[in-house]
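Protein chains in written order, with the working numbering: chain A, 44 to 402; chain B, 44 to 402; chain C, 44 to 402; chain D, 44 to 402.
By construction, these hints were calculated from the structure, which means they are not laboratory data.
Some clues are possibly wrong.
Claimed, not checked - Beta-carbon label-pair distances, calculated as ranges:
{"#": "1", "chain 1": "C", "residue 1": "Lys88", "chain 2": "A", "residue 2": "Asn125", "range": "35 to 41 Å"}
{"#": "2", "chain 1": "B", "residue 1": "Arg251", "chain 2": "D", "residue 2": "Lys255", "range": "26 to 32 Å"}
{"#": "3", "chain 1": "B", "residue 1": "Lys161", "chain 2": "C", "residue 2": "Gln320", "range": "33 to 39 Å"}
{"#": "4", "chain 1": "B", "residue 1": "Leu115", "chain 2": "C", "residue 2": "Leu208", "range": "35 to 41 Å"}
{"#": "5", "chain 1": "A", "residue 1": "Ser56", "chain 2": "B", "residue 2": "Met360", "range": "44 to 50 Å"}
{"#": "6", "chain 1": "B", "residue 1": "Arg137", "chain 2": "C", "residue 2": "Glu124", "range": "54 to 60 Å"}
{"#": "7", "chain 1": "B", "residue 1": "Arg251", "chain 2": "A", "residue 2": "Ser59", "range": "47 to 53 Å"}
{"#": "8", "chain 1": "A", "residue 1": "Lys168", "chain 2": "B", "residue 2": "Asn125", "range": "35 to 41 Å"}
{"#": "9", "chain 1": "B", "residue 1": "Asn125", "chain 2": "D", "residue 2": "Lys88", "range": "46 to 52 Å"}
{"#": "10", "chain 1": "A", "residue 1": "Gly214", "chain 2": "B", "residue 2": "Arg251", "range": "24 to 30 Å"}
{"#": "11", "chain 1": "A", "residue 1": "Arg140", "chain 2": "D", "residue 2": "Leu319", "range": "17 to 23 Å"}
{"#": "12", "chain 1": "C", "residue 1": "Glu124", "chain 2": "D", "residue 2": "Val159", "range": "47 to 53 Å"}
{"#": "13", "chain 1": "D", "residue 1": "Lys50", "chain 2": "C", "residue 2": "Glu256", "range": "25 to 31 Å"}
Claimed, not checked - Result set (DSBU-like, lysine-lysine): computed pairs, CA atoms no more than 30 Å apart in a straight line:
{"#": "14", "chain 1": "C", "residue 1": "Lys168", "chain 2": "B", "residue 2": "Lys151"}
{"#": "15", "chain 1": "D", "residue 1": "Lys255", "chain 2": "A", "residue 2": "Lys173"}
{"#": "16", "chain 1": "B", "residue 1": "Lys151", "chain 2": "A", "residue 2": "Lys358"}
{"#": "17", "chain 1": "D", "residue 1": "Lys322", "chain 2": "A", "residue 2": "Lys154"}
Each residue gets a CB set at the ideal place from its N, CA and C atoms; glycine is no exception.
4 protein chains.
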Amino acid sequence: MSKYDLKHIKQFSLDSRKLKNRNIENMIGCVQVPLGIAGPLRVNKQEHELPLATTEGALVASVNRGCKAIKLSGGCQVEVENVGATRGPVFKVRGLREGKKLMKWLEKNEKRIKQVVKEGERYIKLVGMKPKMVGRSVYVRLEFETDEAMGMNMVTAGSEKLARLIKQELGIECVSLSGNYCVDKKPSWLNFIEGRGKQVWAEVVAGRRVVKEVLKTTPEKIVEVVYRKQLLGSIMSGSMGFNGHYANVVGAMFLATGQDIAHVVEGSMGVTTAELQDKDLYFSIYLPSLMVGTVGGGTGLETQKEALGIMGLDKAMKGDSLRLAEVIGGAVLAGELSLTAALASQDLAKAHQKLGRGK
Amino acid sequence: MSKYDLKHIKQFSLDSRKLKNRNIENMIGCVQVPLGIAGPLRVNKQEHELPLATTEGALVASVNRGCKAIKLSGGCQVEVENVGATRGPVFKVRGLREGKKLMKWLEKNEKRIKQVVKEGERYIKLVGMKPKMVGRSVYVRLEFETDEAMGMNMVTAGSEKLARLIKQELGIECVSLSGNYCVDKKPSWLNFIEGRGKQVWAEVVAGRRVVKEVLKTTPEKIVEVVYRKQLLGSIMSGSMGFNGHYANVVGAMFLATGQDIAHVVEGSMGVTTAELQDKDLYFSIYLPSLMVGTVGGGTGLETQKEALGIMGLDKAMKGDSLRLAEVIGGAVLAGELSLTAALASQDLAKAHQKLGRGK
Amino acid sequence: MSKYDLKHIKQFSLDSRKLKNRNIENMIGCVQVPLGIAGPLRVNKQEHELPLATTEGALVASVNRGCKAIKLSGGCQVEVENVGATRGPVFKVRGLREGKKLMKWLEKNEKRIKQVVKEGERYIKLVGMKPKMVGRSVYVRLEFETDEAMGMNMVTAGSEKLARLIKQELGIECVSLSGNYCVDKKPSWLNFIEGRGKQVWAEVVAGRRVVKEVLKTTPEKIVEVVYRKQLLGSIMSGSMGFNGHYANVVGAMFLATGQDIAHVVEGSMGVTTAELQDKDLYFSIYLPSLMVGTVGGGTGLETQKEALGIMGLDKAMKGDSLRLAEVIGGAVLAGELSLTAALASQDLAKAHQKLGRGK
Amino acid sequence: MSKYDLKHIKQFSLDSRKLKNRNIENMIGCVQVPLGIAGPLRVNKQEHELPLATTEGALVASVNRGCKAIKLSGGCQVEVENVGATRGPVFKVRGLREGKKLMKWLEKNEKRIKQVVKEGERYIKLVGMKPKMVGRSVYVRLEFETDEAMGMNMVTAGSEKLARLIKQELGIECVSLSGNYCVDKKPSWLNFIEGRGKQVWAEVVAGRRVVKEVLKTTPEKIVEVVYRKQLLGSIMSGSMGFNGHYANVVGAMFLATGQDIAHVVEGSMGVTTAELQDKDLYFSIYLPSLMVGTVGGGTGLETQKEALGIMGLDKAMKGDSLRLAEVIGGAVLAGELSLTAALASQDLAKAHQKLGRGK
């Protein structure tokens, strides 16, 4: 690439030997993305500072304001459920009878299949199989526990073992190791309904005074915005994202911590609710499909590892990926609360004019 | 942030004064993401090298392979249509009669509204309004031309002008400047059907020998994978992404060139088709909603600007954003063709094992 | 069919000569479906009695109760917009360039196309064309006014004329006169967003006392049911029907008046809203795609014609189909209000036990 | 209703005493719908004649033609799986912790819940519970076996028992016995993905000569129509119905046999596939959610009972509802095959002109 003058791209501190063919090929350098800090976010009685990598002005400030409102309200509650990474290979059968036969075989041999998939794998464990037949195609949604890794590569390898076994035992071909019944990096109702990776719920009861003084609006106005925008508006537009901007916060946290940014797609799905509780505000977010890990992928890169370290999640400890999901859930709650308040108080445009890249 | 040791994050070459409150707040440094080069991609008779920022092993190599197959097939054809950036504010009316009145007023005053929105704005132009009523909520999808910028901030400002005008003239309140009838950073059928930002179509006729020698499979196998995975599989999973991995390529190009990575969400929607043409392969992709710009946002950051420069799109020239959409469309085609071939030839897992972060 | 003893099926009063090959083939008799009357429904200052054909106990009683609540509240407001019947043929092109050429040709020749389609047709008029391209397929959504008929057959004939013209002028083949871009008798976001047939909105402000005395509940409880069931519940289940039971009322009115019952599918889509207005209840329904006619199809059969006559819509008068849509909109409002109230007051199961087939 | 002259509506043979408040209220008579016979349909080695009630000309003839093609191809294969009727009540909790508590309680008490629901019920059996939480709402999808009845009323009663138990044990209120997590009479991805009522698959391998002589087209043309219309066309229109006209056949069979016609909505969802098998045609349909019964509802009415009798399903025998689903599946296959062929051979419009109500 000598024909380009790339003095900034060529300036980086990552150990390129470690990168060689692990994270990228034909590497010519690095792009740099500004990293800001929001918080502290008080979630489940603990406090975290939030590393956010973004080029969108006002985002860090907005999440920060949400964190403040949450802290002054006594913190937020977050629940995380590990669904697991999924792969959905597609098999070609001769017809319905053979399809039924395959599905029965999967049921009968579940235990053995789990062993075969496990062989020689330290980190993954097959925990569920959900088959679906249409015409001559049979899809099998395979659910895996993947320890602290996001795990899609391990999961693909595990799926390949099952495909080989099915070929041997039944002579049925796997047409594609991914049959889009996974569903990876595409919005889908299957992931929305069944969940994928981690399912995350977060809630806060924000006091009326906090809403007034920190968020510059009222609980009533926030409830109305959530009703007309996040719910009715998304209904009218046929959306899978019944929220304001989950993707912004998920994207900034993913980029900072070395997650796969294509998984922001699943992270954009979900539902925000707001209700009055006496005079105060009940506010919640729900992320059905958050794909995160604290080992593997981009998490080992120096800058990303340091960003994980800001939350104490850089030591590859058991449970770190659940903790990361928990913190991201709280961050999404903070960002969603603050944006909704900005819309309710009509100062979104102003905020962007003041902070934003707009001009 | 002195309590953390962030020697890598603190090492960056961006001009932090320029960043101050334009792209981020509370900045503590930068994350670095490896940047690789794929190509050359031959699109509409021109050749481009593709900057891809990613931490996913095998991605650059895969796009590169697709570019080779496209070049050996005489290049790809890409069509781009500028739909425009959209904002969809929601207004609260007393009932159906007042809602109808608002919609009629918008129709009758279109010319004037366009002038009011234009006042003092150099870059945006209101080109369309699509209202939708349900109960006491009226949504207005505003379509704007935004020159070479992605333009969401300008568009928000423009929408605010209309909201003020409606308040003055009809006394009708805007509940939220974004009513999720935009639909920004959420998957939605409204954007899939109407298009948003740029609509991009790309196609190539890949010769049988090229498919065999470069992609290690056959046209028939690729057609079958597209049929059972991208089409049937996504149908069965209720997906809006009838493709293999648009989000990977869109994400890597967006990150490299300073686009808003939350817009990868819209970039994950779209449809891949594959058909036999005599003995050769017809292969196409369709992106209904690609939000891109070559000025504003993160495009001005030094590393991102250099990445745009690799494609000659760093000079803020008229039409650059259309050219960027064109190149990204071709890159998505290349990545999709190569991944589909890898699935057809059953070497996806191997590729990741060899190149990937998996182990 | 002499081998069956069909004394009831063989007993009917329809003029079978008129039916011969117009409504059915191999006719062996008729099924009889009980017809009940609900109302009067007060809509836009007029009163109508509602013919409902159903075998579901409690349905007529429920609609009747809704009508009473509406009448005591001063009647309901209904707005109807005629979108038109649509057909969406699909054409096969050689590639993107030819697809663009076809789309440009449609734009340039709109006036002439409308003439060609009109030739020799008394009742239909082409009012809009919306093309969509993906790979080698081009879909054209054709919107027709069809006078007082639902009109799908006329519309199919009109589409065939366009297909022939395109073949002559451009040599492009129509693969299927219906390319499912119509979208007929299937749920779809395209119809939800663009509307099809008639779009119908209905609303009522039900007084607190009326809600208490007639509907046995409170405005607050109805608002909560609509929020948790019709909106949030349908969101969580990935539904296109954000309502309680539009399909019941649409189905019973369609069956009574000789509409095509397969169009109940589109009639099941739509959105219910409920809001507090001071102490009273604002309640609304929205039907984006109601396919109705007062001539043609089953509307000419003796019993169905009599049912239309109950509403004074059996004289083939100009505007009857809009009036029928208006009355059905009001009936759906009545049925939805009453069911939601029954759920709010927890007596749904009781009602079915008392009135229903369940016993 | 003496003010109307309803000589046809008043002429009916149903026993109105039996109807009184079981199937309808305020009954004034009956509508008559023409009943035609198609077939014999050869399905799983048996033959059935198909009763179809419709006012759409060409429908019976079209199904009949499909039956002929199927018979000459050696019959069709149909698979039926009983998912069960579902109800999805919604409960209001104080927050995420109480929601989790409810979900854990459901898991721990499954056995006991099944007993409580079963008490005093002869026909229903709770077989599954699927909870879903968002904010302060918890939805529980209850799956019931309902013997030979469609069973929604029994299922509602069963759900009420659970709601009472939850109130007693946990003090948690049921806001609505139907929380639209059922999902009844609305199109939804939840039903598409999980199935509801009966899931039905049907397939036939139609010989090339049969396709040519009976269906007047070729396997290749049928495959192309299914690809561009049923699959790609429905994808482009955001549909849940990847088929030609399931709703027509489901509707005509439902109306003839006394099913709830509002359930045609779920019956319109599903996927058609067509593939070449050597020189012949593989053709299949898939119905994820068919709600049928052979006892209860309208099945006991004299004409409807006679229609069931034509298929030997009027004796309330064990397994009749599965057999009815099987026959309807075959009928849908026949109708879909014939319509697709008509589109492929470009004679749809002609068929309607000849047979249809169009003119």
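Indices of hints not satisfied (ascending): 1, 5, 6, 7, 8, 9, 13, 15, 16 and 17
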